[in-house]
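Peer 1: Chain by chain, the residues run as shown.
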Amino acid sequence: MKLAVVGKGGAGKSVVAGTLARVFARRGDRVLALDSDTMPGLTYSLGVEPAGEPLLQAAAEKNEAGRWRTRKGIGPVRAVQRYAQPAPDGVLLLQSGKTTPEGMAPVMGSVNVFYDVVQRLRRAPYFRDWTIVGDLSAGPRQSAYRWADYADTFLLLAEPTWKSALTARRIARIVRSRGGVTVLLVANKTRNDADAATVGEMVGEPVFGWIPSDPAVVQAERKGVPLLDHAPHSPAARAVEQLAERLSSH
Amino acid sequence: MKIAVAGKGGVGKTTVSGTLARALARSGHQVLALDGDVNPMLGISLGVGPEETDRLVAARQALDGGRLGHEPTAAGLVDKFGTDAPDGVRLVVVSRIDEADPG
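Those protein sequences? They're chains P and R, same order as listed.
Following my numbering, the numbering of the first sequence begins with 1 at its first residue and continues without gaps.
Following my numbering, the numbering of the second sequence begins with 1 at its first residue and continues without gaps.
The set of hints was computed from the structure by calculation and includes no laboratory data.
Please note that the accuracy of each hint is not assured.
Sample of chain R residues with no beta-carbon within 12 angstroms of chain P, all distances over it, derived [unchecked claim]:
#, residue
1, Ile3
2, Gln30
3, Val38
4, Met41
5, Gly76
6, Asp79
7, Arg90
Between beta-carbon pairs, the in silico distance windows are [stated by the list, open to error]:
#, chain 1, residue 1, chain 2, residue 2, range
8, R, Leu20, P, Arg128, 46 to 52 angstroms
9, P, Ala65, R, Gly28, 50 to 56 angstroms
10, P, Val77, R, Gly76, 19 to 25 angstroms
11, R, Val57, P, Met39, 27 to 33 angstroms
12, P, Glu64, R, Lys80, 42 to 48 angstroms
13, R, Thr15, P, Ala65, 42 to 48 angstroms
14, R, Thr15, P, Glu61, 40 to 46 angstroms
15, P, Met39, R, Lys2, 23 to 29 angstroms
16, P, Lys223, R, Val78, 29 to 35 angstroms
17, R, His29, P, Arg128, 57 to 63 angstroms
18, R, Arg60, P, Glu53, 42 to 48 angstroms
19, R, Thr15, P, Arg191, 16 to 22 angstroms
Pairs of lysine-lysine residues, derived as DSS-like cross-links and limited to a Cα-Cα distance of at most 25 angstroms, are as follows [said to hold, decoys possible]:
#, chain 1, residue 1, chain 2, residue 2
20, R, Lys2, R, Lys13
21, R, Lys2, R, Lys80
22, P, Lys98, R, Lys8
23, P, Lys98, R, Lys13
24, P, Lys98, P, Lys223
25, P, Lys223, R, Lys2
26, P, Lys223, R, Lys80
27, P, Lys98, P, Lys62
28, P, Lys98, P, Lys72
29, P, Lys62, P, Lys72
Since the structure is predicted, the reported quantities are computational estimates derived from the model, not experimental observations.
Just so you know, even glycine gets a beta-carbon here, dropped at the ideal spot from N, CA and C.
Generate the whole structure from the sequences, applying the supplied hints.
Peer 2: Pasting the structure below:
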């Protein structure tokens with residue numbers, strides 16, 4: 001399964017993506033986690049020390065026109081073998097460069113290589129049996145510009161607010177317009193039984209799963225540690241485990 | 001006073017912006033609220049309503065689409081593409097992404 005986790009800022013994309021990746025790995029899958037966001041996020045939820053210089057920068061070079069391109073001989077397989085970082089439970093993490101105090105310029109090479117690699121992933125037979133979990137940046141932009149072409153399934157996260165629901169609606173429309181993808185709505189931060197149904201109505205999609213509002217997630221995020229390490233038996237962690245199970249049998 | 005509100009997704013930029021805009025308008029300022037997010041939601045925090053916010057036309061797309069004549073001045077853009085929000089705030093959506101491969 002090739003998943004992309006999408007939704008509005010604050011919907012819980014990184015926590016869900018990071019937890020899901022590790023749950024899949026614990027179940028025996030070979031898992032590649034992809035962090036497309038140029039803001040930090042997935043590393044904390046996954047449990048990887050944030051790198052200084054982005055590793056993928058070494059795979060970038062400038063062409064004659066001064067534009068960044070991927071160095072010769074670096075395809076998706078080699079990029080993952082050389083530049084992905086080991087994460088807990090055997091997950092491999094490939095990440096785009098993060099914005100710096102000097103802006104994006106120092107890491108643009110890595111961003112370009114990352115985009116190139118994720119575009120080519122779908123056609124790489126090497127990853128056919130892998131599970132991929134991609135954490136996209138907030139909102140519709142990366143979905144619109146094909147940052148998740150590898151995905152056969154978009155996990156659409158929404159919390160019970162109109163901003164979150166309208167964002168989910170827009171993203172669903174954009175990713176469906178290309179065809180050949182499954183969109184699954186997950187209601188996050190639900191406070192009671194009715195909330196999940198409410199999210200479904202607001203977004204206009206059937207609810208595939210839900211994750212309850214859980215102080216353990218807030219605490220884990222505050223500390224910058226993975227939910228699975230901070231509170232493995234919390235309601236939210238359990239809900240993500242169930243989600244992984246449902247996704248596997250979907 | 002010209003204020004830009006920035007931060008990571010989910011920290012509350014839109015809620016703070018919308019509330020600040022209305023508070024300033026109530027204390028007598030003429031307020032222009034600019035929604036610079038390509039996923040514009042400021043209308044919701046200002047009180048325009050979710051469905052109405054979802055229908056707002058962005059200045060960028062309106063100009064690109066040629067639906068309205070080219071409007072060279074900033075004041076003209078605010079006038080043509082703006083929406084009235086509560087407390088006299090004028091809301092303008094700069095740009096939005098609603099389709100794949102927007103160019």
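Peer 1: Run every hint past the structure and note whether it holds.
Peer 2: Status of each hint after checking the structure:
Remark: the non-interface label on isoleucine 3(R) is consistent with the geometry, its nearest Cβ contact in chain P lying 20 angstroms away (cut-off 12 angstroms). Its beta-carbon lying about 26 angstroms from the closest one in chain P, glutamine 30(R) satisfies the requirement of being farther than 12 angstroms from that chain. Consistency note on valine 38(R): stated as away from chain P, yet its beta-carbon is not over 12 angstroms from all of that chain's, at 6 angstroms minimum. For methionine 41(R), the condition that its CB be more than 12 angstroms from all CB atoms of chain P is violated, with the nearest at approximately 4 angstroms.
Every C-beta of chain P lies more than 12 angstroms from that of glycine 76(R), the closest at about 28 angstroms, which supports listing it as non-interface. The beta carbon of aspartate 79(R) sits about 26 angstroms from the closest Cβ of chain P, which is more than 12 angstroms, so the claim that it is off the interface holds. Its beta-carbon lying about 21 angstroms from the closest one in chain P, arginine 90(R) satisfies the requirement of being farther than 12 angstroms from that chain. For the hinted restraint 46 to 52 angstroms between leucine 20(R) and arginine 128(P), the CB-CB distance of approximately 51 angstroms keeps it satisfied.
About 53 angstroms separates the C-beta atoms of alanine 65(P) and glycine 28(R), a value consistent with the hinted range of 50 to 56 angstroms. Our hint of 19 to 25 angstroms for valine 77(P) and glycine 76(R) is violated, since their Cβ atoms are close to 54 angstroms apart. The given range of 27 to 33 angstroms is respected by valine 57(R) and methionine 39(P), whose C-beta atoms sit roughly 29 angstroms from each other. Separation of glutamate 64(P) from lysine 80(R) is about 44 angstroms and conforms to the stated range, judged on CB atoms against 42 to 48 angstroms.
A beta carbon spacing of about 43 angstroms between threonine 15(R) and alanine 65(P) agrees with the range 42 to 48 angstroms that was offered as a hint. Distance hint check for threonine 15(R) and glutamate 61(P): the Cβ-Cβ separation is about 43 angstroms, which falls inside the suggested range of 40 to 46 angstroms. The hint said 23 to 29 angstroms for the Cβ distance between methionine 39(P) and lysine 2(R), and at roughly 25 angstroms that hint holds. The given range of 29 to 35 angstroms is broken by lysine 223(P) and valine 78(R), whose C-beta atoms sit roughly 44 angstroms from each other.
The hint said 57 to 63 angstroms for the Cβ distance between histidine 29(R) and arginine 128(P), and at roughly 59 angstroms that hint holds. Between arginine 60(R) and glutamate 53(P) the beta carbons are some 35 angstroms apart, a value that contradicts the proposed interval 42 to 48 angstroms. The beta-carbon spacing between threonine 15(R) and arginine 191(P), approximately 18 angstroms, falls within the hinted interval of 16 to 22 angstroms. Straight-line distance between C-alpha atoms of lysine 2(R) and lysine 13(R) comes to about 15 angstroms, which keeps the hinted pair within the 25 angstroms bound.
Distance check on the hinted pair: lysine 2(R) and lysine 80(R) sit about 21 angstroms apart at the alpha-carbon level, within 25 angstroms; holds. With a C-alpha separation of about 13 angstroms, the suggested pairing of lysine 98(P) with lysine 8(R) holds against the 25 angstroms cut-off. Simply put, lysine 98(P) and lysine 13(R) have alpha-carbon atoms about 20 angstroms apart, close enough for the 25 angstroms limit, and the pair holds. Between lysine 98(P) and lysine 223(P) the CA atoms are separated by roughly 20 angstroms; this keeps the pair inside 25 angstroms, and the hint holds.
Between lysine 223(P) and lysine 2(R) the alpha-carbon distance is near 35 angstroms, which puts this suggested pair outside the 25 angstroms criterion. Between lysine 223(P) and lysine 80(R) the alpha-carbon distance is near 47 angstroms, which puts this suggested pair outside the 25 angstroms criterion. The suggested pairing of lysine 98(P) with lysine 62(P) holds, with an alpha-carbon distance near 19 angstroms, which does not exceed 25 angstroms. Distance check on the hinted pair: lysine 98(P) and lysine 72(P) sit about 24 angstroms apart at the alpha-carbon level, within 25 angstroms; holds.
Proximity of lysine 62(P) to lysine 72(P) is assessed by CA-CA distance (about 11 angstroms); at most 25 angstroms being required, the pair is judged to hold.
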